Amino acid sequence: MSEKKLTFGIKGMTCASCVRVLEKTLSRIEGVSSATVNFATEQATVVYDPEKVDPKNFESEVANVGYKALVEGGAEDVDEQKKEKQKELNSLRNKVVVSLILGGLILWGSFPGLMDTAPAILQNFWVQLILATPVQFWAGLGFYKATIPALRHRTANMDTLVAIGTTVAYGYSAFVTVFPEIVKSIGMDPFPYFDVATIIIGLILLGRYFEAKAKAGTSEAIKKLIGLQAKTARVLRGGKEVDIPIDQVIIGDIVRVRPGEKIPVDGVIVEGESSIDESMVTGESLPVDKNKGDTVVGATINRTGTFNFRATKVGQETMLAQIIRLVQEAQGSKAPIQRIADLVSSYFVPIVIMLAIVTFVIWYDFGPAPALLFSLLNTVAVLIIACPCAMGLATPTAIMVGTGKGAENGILIKDAESLETAHKLNSVIFDKTGTLTKGKPEITDIMVVNPGVIAIPTLRRGKQSQKDRRADARDDVLRLAASIEKGSEHSLAEAIVKAAEEQKIEVLPVTQFKAIAGHGVEGVVDGKQIFLGNRKLMERENVTINSYISQIEKLESEGKTVMMLAASPYHPERSEGSQLAGLIAVADTVKETAREGVEALQKLGIEVAMITGDNQRTANAIAKKVGIKRVFAEVLPDQKEAEVRKIQQEGKVVAMVGDGINDAPALAAADIGIAMGTGTDVAIEAADITLINKDLRSVAQAINLSKKTMRTIKLNLFWAFGYNVSLIPVAMGILYPFFGILLNPIFASIAMATSSISVVFNSLLLKRFKI
Amino acid sequence: MAIDKVLVAIFGVLGIFFTYWFFLMKKDKIVEAQDSIDIIVEGGYSPQVISVPKGKITKLNFIRKDPSDCLEEVIMPDFKVRRHLPLNQKITVEIKPGQSGEFGFACGMNMFHGKIFVR
Numbered sequence: 002m003s004e005k006k007l008t009f010g011i012k013g014m015t016c017a018s019c020v021r022v023l024e025k026t027l028s029r030i031e032g033v034s035s036a037t038v039n040f041a042t043e044q045a046t047v048v049y050d051p052e053k054v055d056p057k058n059f060e061s062e063v064a065n066v067g068y069k070a071l072v073e074g075g076a077e078d079v080d081e082q083k084k085e086k087q088k089e090l091n092s093l094r095n096k097v098v099v100s101l102i103l104g105g106l107i108l109w110g111s112f113p114g115l116m117d118t119a120p121a122i123l124q125n126f127w128v129q130l131i132l133a134t135p136v137q138f139w140a141g142l143g144f145y146k147a148t149i150p151a152l153r154h155r156t157a158n159m160d161t162l163v164a165i166g167t168t169v170a171y172g173y174s175a176f177v178t179v180f181p182e183i184v185k186s187i188g189m190d191p192f193p194y195f196d197v198a199t200i201i202i203g204l205i206l207l208g209r210y211f212e213a214k215a216k217a218g219t220s221e222a223i224k225k226l227i228g229l230q231a232k233t234a235r236v237l238r239g240g241k242e243v244d245i246p247i248d249q250v251i252i253g254d255i256v257r258v259r260p261g262e263k264i265p266v267d268g269v270i271v272e273g274e275s276s277i278d279e280s281m282v283t284g285e286s287l288p289v290d291k292n293k294g295d296t297v298v299g300a301t302i303n304r305t306g307t308f309n310f311r312a313t314k315v316g317q318e319t320m321l322a323q324i325i326r327l328v329q330e331a332q333g334s335k336a337p338i339q340r341i342a343d344l345v346s347s348y349f350v351p352i353v354i355m356l357a358i359v360t361f362v363i364w365y366d367f368g369p370a371p372a373l374l375f376s377l378l379n380t381v382a383v384l385i386i387a388c389p390c391a392m393g394l395a396t397p398t399a400i401m402v403g404t405g406k407g408a409e410n411g412i413l414i415k416d417a418e419s420l421e422t423a424h425k426l427n428s429v430i431f432d433k434t435g436t437l438t439k440g441k442p443e444i445t446d447i448m449v450v451n452p453g454v455i456a457i458p459t460l461r462r463g464k465q466s467q468k469d470r471r472a473d474a475r476d477d478v479l480r481l482a483a484s485i486e487k488g489s490e491h492s493l494a495e496a497i498v499k500a501a502e503e504q505k506i507e508v509l510p511v512t513q514f515k516a517i518a519g520h521g522v523e524g525v526v527d528g529k530q531i532f533l534g535n536r537k538l539m540e541r542e543n544v545t546i547n548s549y550i551s552q553i554e555k556l557e558s559e560g561k562t563v564m565m566l567a568a569s570p571y572h573p574e575r576s577e578g579s580q581l582a583g584l585i586a587v588a589d590t591v592k593e594t595a596r597e598g599v600e601a602l603q604k605l606g607i608e609v610a611m612i613t614g615d616n617q618r619t620a621n622a623i624a625k626k627v628g629i630k631r632v633f634a635e636v637l638p639d640q641k642e643a644e645v646r647k648i649q650q651e652g653k654v655v656a657m658v659g660d661g662i663n664d665a666p667a668l669a670a671a672d673i674g675i676a677m678g679t680g681t682d683v684a685i686e687a688a689d690i691t692l693i694n695k696d697l698r699s700v701a702q703a704i705n706l707s708k709k710t711m712r713t714i715k716l717n718l719f720w721a722f723g724y725n726v727s728l729i730p731v732a733m734g735i736l737y738p739f740f741g742i743l744l745n746p747i748f749a750s751i752a753m754a755t756s757s758i759s760v761v762f763n764s765l766l767l768k769r770f771k772i
Numbered sequence: 283m284a285i286d287k288v289l290v291a292i293f294g295v296l297g298i299f300f301t302y303w304f305f306l307m308k309k310d311k312i313v314e315a316q317d318s319i320d321i322i323v324e325g326g327y328s329p330q331v332i333s334v335p336k337g338k339i340t341k342l343n344f345i346r347k348d349p350s351d352c353l354e355e356v357i358m359p360d361f362k363v364r365r366h367l368p369l370n371q372k373i374t375v376e377i378k379p380g381q382s383g384e385f386g387f388a389c390g391m392n393m394f395h396g397k398i399f400v401r
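If you read the sequences in order, they're chains A and B.
Position 750 of the first sequence, counting from 1, maps to 751 under the working numbering, and the rest follow consecutively.
Position 22 of the second sequence, counting from 1, maps to 304 under the working numbering, and the rest follow consecutively.
Warning: the hint list may mix true and false statements.
Stated by the list, open to error - With a Cα cut of at most 20 Å, we get these calculated PhoX-like pairs of lysine-lysine: (1) Lys347/B x Lys83/A; (2) Lys57/A x Lys362/B; (3) Lys653/A x Lys425/A; (4) Lys57/A x Lys338/B.
Worth flagging that the hints you see were computed from the coordinates, not collected in a lab.
Since the structure is predicted, the reported quantities are computational estimates derived from the model, not experimental observations.
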């Protein structure tokens, strides 16, 4: 085996002595013949024997001494695999052509009816032997090469069956040719069957050729994803623009992207704006406008503007790398439905060999004359027609195409099991905030109900009109709310703080801040004890809201979330009864795709529900807008999981759709957790399906994809099992006593070759499924 | 019944028993892997049954010497691994099993099988 040379980046070198450490480390790896490290270019060049060492080992060895090797396999691996596969296919094609031409000539010279038209030379058995020998031992060498070591391991596969079957046919024919007298002496016609051996080999190899070509299509999606990676990036270093390989981009680099260029890594725009085509990663067909502060995703394409962005994720951390990893993992997983195929295939080949022996014995002992010939031909037919490959390919090819199809459309499926479970779903629960709604609430109303409680004396306002006083009181409500919410991360808090900033209202310092989950927040501002939150918080603090209940309910029935601000003078030792001071109504916009997404699910006969921490009235109003009838309101974050379990107890298979971060326990509790994700680790880990396109219609699309994939798998398995169960008995000759029908081994090989191809093609049909 | 037919019947029965014994009654030798183990992919996996420690990273180095299409991929469903095995190259799959038990791996067409025992 020839040695290979690989150059890759090294990160973390600080001085020239690092070079020695790294060279020593790399050289010590078994299979590496030389290693040189260049400090200036931060690159290592290693000459190694690929049979002895996987380049991926370089990464871990280098990491052991405290550096980082950037052995990027991705695109190169794919290219190399492609080249290797092409070479294999070319060699296979040559074997197919030679064996079918030679086999065709033999068939012409030996097939009853045809042979009369053939030149005499082709009818000569010795010539047939000469033509058949290269087919048997050159074109068919692969079958022997696979069979011999397999037998050494006491295992067998399809190659074993083909090798035994064709050897029997070839061996018998060769014997007949060399010793015709012996055959005659036992009362048989010394007629060889070289056509059977050669045509079987030719057709099975032809089947493999098409199968290999088709199989390459099943993993196309992953190759496409890997191919999306940019190769270089233009970074600003030392005030200059430099083009560097993508694996040398580090976090914090400022990267410049011009119109029409591919964005190399993930980051945040720091200068400029543009319209970006993210379809290749998210499946979203419309370009997205991005400005300063917006995130950009590696491998997407910049359309119009020029901009600079700061790299925030590089290498294996980028969204594309994570998507690739997830799809690869999903394609390596096993669907529970495959278990039966696994069980059958582990016994299949030995059972077929036993059936072939039974066939031989029955035909020899009880069959018509010439018994030996019938028993031999039928035994060969049994060995050749059996197709364990179709069973082995039935499930994984469909899973590969299905998960790949999902990834192309921004639907990431974690594993085959999730894909299988998704088709059984009959209940989908949506989280409200950030899932059905945009998660960017805005303040719609501020009402002052008790200005005296919150007046802020430290702000001197002088003499004012009544109108001004009302406006000031309104500002005070917002000021206090914004002050206390400044430290909170809740989306409602963000809306309040943002509104204060927009209205240039300065916030005040807060002490003793406390967030009370599912209730709200409290703290001390300007000598006042402030509470801001929902009804539960008011009840907890014994704040009377009865006089304002109709106003609150009116706002809530409009789908707004009402936050109540209560205050009392602050005393460290004792608490004084707080009074309601103001109301802040916040509304979140429903996503454009929400209604359509819900309707699509309902059309599939799936019950759709909504879960939220909001009060019943607000929740009902939002649910009505999107067409959801079942609502779980006022559910604290930690109770969502319990609600999911309650629905499961109704006998339903439940999917929970959330943002994947706040809902992680509920997503995990559901049969299928669907994260409307951003591709973050947390979301992907918690979810069975991640919708990176954030499109609510994709929930129904994912379920449809699962249904379609499962239908394909079931059809494949039915075909693979049905084929073997029905045709093996035919090859054994079960129809002969009734109809006089026997299966010619040549037809057996045609059936076998088409059977596995048809399974792969059926899986490939999934590609045409419109999501 | 003629003697040849009797003989064919006897050899047939013996052949069936032999096939059953040869393929279905074999006992696999468990090979213990420390940090890493080389697995030769040729007409199956050698060693076929491997024992690895729980909670530790074990490197499984697959070296495919068999040109058969069937063996060009190795699939370890429990570890969510599907790897292409180029001919005559060492491909390392790292696994870190979190739980004890028996986990299977197979070729892309599910014809050849191996087992990993996590202890």
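Okay, the hints, checked on the actual structure:
1. At most 20 Å may separate the alpha-carbon atoms for a hinted pair to count; Lys347/B and Lys83/A meet this at roughly 19 Å.
2. Our distance criterion of 20 Å between C-alpha atoms is met by Lys57/A and Lys362/B, whose separation comes to about 18 Å.
3. Under the criterion of a C-alpha separation no larger than 20 Å, the hint pairing Lys653/A with Lys425/A is consistent with the structure, at around 9 Å.
4. The straight-line distance between the Cα atoms of Lys57/A and Lys338/B is roughly 18 Å, inside the 20 Å bound, and the hint therefore holds.
This entry satisfies every hint, going by the numbered hints stated previously.
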